[in-house]
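Asker: Turn these sequences into a full structure, and let the hints guide you.
Protein chains in written order, with this note's numbering: chain A, 1 to 252; chain L, 1 to 252.
Calculated from the structure, these hints are not laboratory results. Check each hint, because a few of them may be wrong.
Claimed, not checked - Stretch-level coverage of chain A by chain L, calculated; a stretch enters the list once three of its residues show a Cβ under 8 angstroms from a Cβ in chain L: (1) 66-72; (2) 79-87; (3) 104-110; (4) 167-174; (5) 215-224.
Unchecked claim - In silico negatives: residues of chain A with every beta carbon more than 12 angstroms from chain L: (6) Arg53; (7) Val93; (8) Arg133; (9) Phe151; (10) Glu205; (11) Asp209.
All residues carry an ideal CB built from backbone N, CA and C; glycine is no exception.
There are 2 protein chains.
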Amino acid sequence: MTNVHQDRGLTPVQEAGEVAPEPARPAAVSLHGEVLSRLRDFIVEGNLEGGARIPERRLCEMFGVSRTPLREALKVLASEGLVDLLPNRGARVREFSVSDVTELFDVMGGLEALAGRLACERITEAEFAEIERLHHEMYGAYLKRDMHAYFHANQLIHQAIVAAARNSVLSAAYATYAGRIRRVRYSANLASKRDRWAEAMREHEAILDALGRRDGSELSEILFRHLRNKEAAALDHLKGEAVALGAAEASS
Amino acid sequence: MTNVHQDRGLTPVQEAGEVAPEPARPAAVSLHGEVLSRLRDFIVEGNLEGGARIPERRLCEMFGVSRTPLREALKVLASEGLVDLLPNRGARVREFSVSDVTELFDVMGGLEALAGRLACERITEAEFAEIERLHHEMYGAYLKRDMHAYFHANQLIHQAIVAAARNSVLSAAYATYAGRIRRVRYSANLASKRDRWAEAMREHEAILDALGRRDGSELSEILFRHLRNKEAAALDHLKGEAVALGAAEASS
DNA sequence: TCCAAATATTTTGAATTCAAAAATGCCCTC
DNA sequence: GAGGGCATTTTTGAATTCAAAATATTTGGA
Chain A
1 MTNVHQDRGL TPVQEAGEVA PEPARPAAVS LHGEVLSRLR DFIVEGNLEG
51 GARIPERRLC EMFGVSRTPL REALKVLASE GLVDLLPNRG ARVREFSVSD
101 VTELFDVMGG LEALAGRLAC ERITEAEFAE IERLHHEMYG AYLKRDMHAY
151 FHANQLIHQA IVAAARNSVL SAAYATYAGR IRRVRYSANL ASKRDRWAEA
201 MREHEAILDA LGRRDGSELS EILFRHLRNK EAAALDHLKG EAVALGAAEA
251 SS
Chain L
1 MTNVHQDRGL TPVQEAGEVA PEPARPAAVS LHGEVLSRLR DFIVEGNLEG
51 GARIPERRLC EMFGVSRTPL REALKVLASE GLVDLLPNRG ARVREFSVSD
101 VTELFDVMGG LEALAGRLAC ERITEAEFAE IERLHHEMYG AYLKRDMHAY
151 FHANQLIHQA IVAAARNSVL SAAYATYAGR IRRVRYSANL ASKRDRWAEA
201 MREHEAILDA LGRRDGSELS EILFRHLRNK EAAALDHLKG EAVALGAAEA
251 SS
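Answerer: Written as structure tokens, this is what we have:
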């Protein structure tokens, strides 16, 4: 995966007359955009230690570009909250404290509540049917204790609700914040206890019900509380991890 | 051409003659940050025609910097949604369609609803007392038909609610979206009819009441509907303006 | 005169260069 | 041997340079 990056042959000097074919990616029009999305993915996927200093030069080598587009990308990522820029001291991957995660979950909850409300105003029958289908798929995964399939269907449901809200500003904001907490959220789900799982399933029943009745206020309410519960589970996990880490560090 | 060095030199702030001195700002440590916040303000305040092409060189002259920090600032503003970057075609101030404004107001409504809910959990007595004071101040302005004072107190109340939510991610998001719609929102308030004004005042009574009872769900509900009503007023105004503009352009 | 092709100019995207700030290492003192 | 100041190296911030793309202008032809 990482060698895809190096192999890409995006050499700073355009020595090769013909452009290498790259049908997979939609071929960003600018190096800036290319570097931005690759670096964002790279960070979101957890390939860089949080808090560690990242020399620009190393990243330039990694992506095979000069510092100009890389630095542009870093400024954008800083404005997205993924990176900290210390003046004259370089960039580092932002570390999230417990309170940061709390804040992010609350904002996600607010956005999902909004999405639910708007979705009730605008959702089509076809969209609702698709969500219903995903819900049953998720329920099947729950019965089979297939965590991965459950998690996947769950994500698709929440995404479908956001999409049904038909608000591009909301979608963009949702994507940004989802990216920030993706790592902690995923591992929290993996570690979630069975009882939380059952509870989450019940909440999803209520979500589908409110959506079916197009009751925006109620769906909004349920979604916010649903996220609050996810938040609690994630924080349990995060605190356990912090303790474990601290112990490991103390013993080493 | 070499005097760019000297011109910009040690005083990037004082350089551009037409910009008023602003000692309030904490003097950004980097040119990038300085250019970013000045350009953002410049756009938000409506000094650039929407949709018009903005050559980088002109902006460089205006701010007295080279293209590097300016281009970095443009990328960040593009990610904030204030600017459109057309590949190989330069930057232009983003134009907001009616549906863009609708989307922005809905997101603002979602954020305010969230702020209200969180504020009910966390607000102190002192903060509530201050909001109460602002409310009565606003009511006084309403009775005196002092639009400007009313608008000011109104803004402060909403800001105070967001602040009481104690969520920096929320505050940052709120500030970003508020910046995007500031112009249209202000002019809409100026143009709002008297009956909308009375209605808004009644809504604010309900806001204060729900906040006093720390009823997060209800406050959330009221705030979202309050923003929806603001949205309707703003859209009325916007459509009227569009018609007037179209007529003016047709006749010129 | 008007349109279109060819050429010249401008503007953009990105690499390179240069100065200043920070980090590193060295030596000296204690 | 430890700590502190000074020189060296590295890294960052920002200007400049250069090539490619886009835009404007000129020219040729009907």
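Asker: Hint by hint, note whether the structure agrees.
Answerer: We went through each hint and held it up to the structure:
1. 66-72: It holds: at least three residues are needed, and the stretch 66-72 of chain A offers 3 whose Cβ sits within less than 8 angstroms of chain L.
2. 79-87: holds (count 4)
3. 104-110: With 5 residues close enough to chain L, the hint holds.
4. 167-174: Satisfied; 6 residues make the cut.
5. 215-224: holds (count 4)
6. Arg53: Non-interface label stands for Arg53(A): nearest chain L Cβ at 18 angstroms, farther than 12 angstroms.
7. Val93: holds (17 angstroms)
8. Arg133: Consistent with the label, Arg133(A) stays out of reach of chain L, its closest Cβ about 27 angstroms off (over 12 angstroms).
9. Phe151: holds (24 angstroms)
10. Glu205: At roughly 20 angstroms from the nearest Cβ of chain L, Glu205(A) sits farther out than 12 angstroms, so the non-interface label holds.
11. Asp209: Asp209(A) is indeed farther than 12 angstroms from all Cβ atoms of chain L, at 18 angstroms.
Hint compliance for this structure: no hint is broken.
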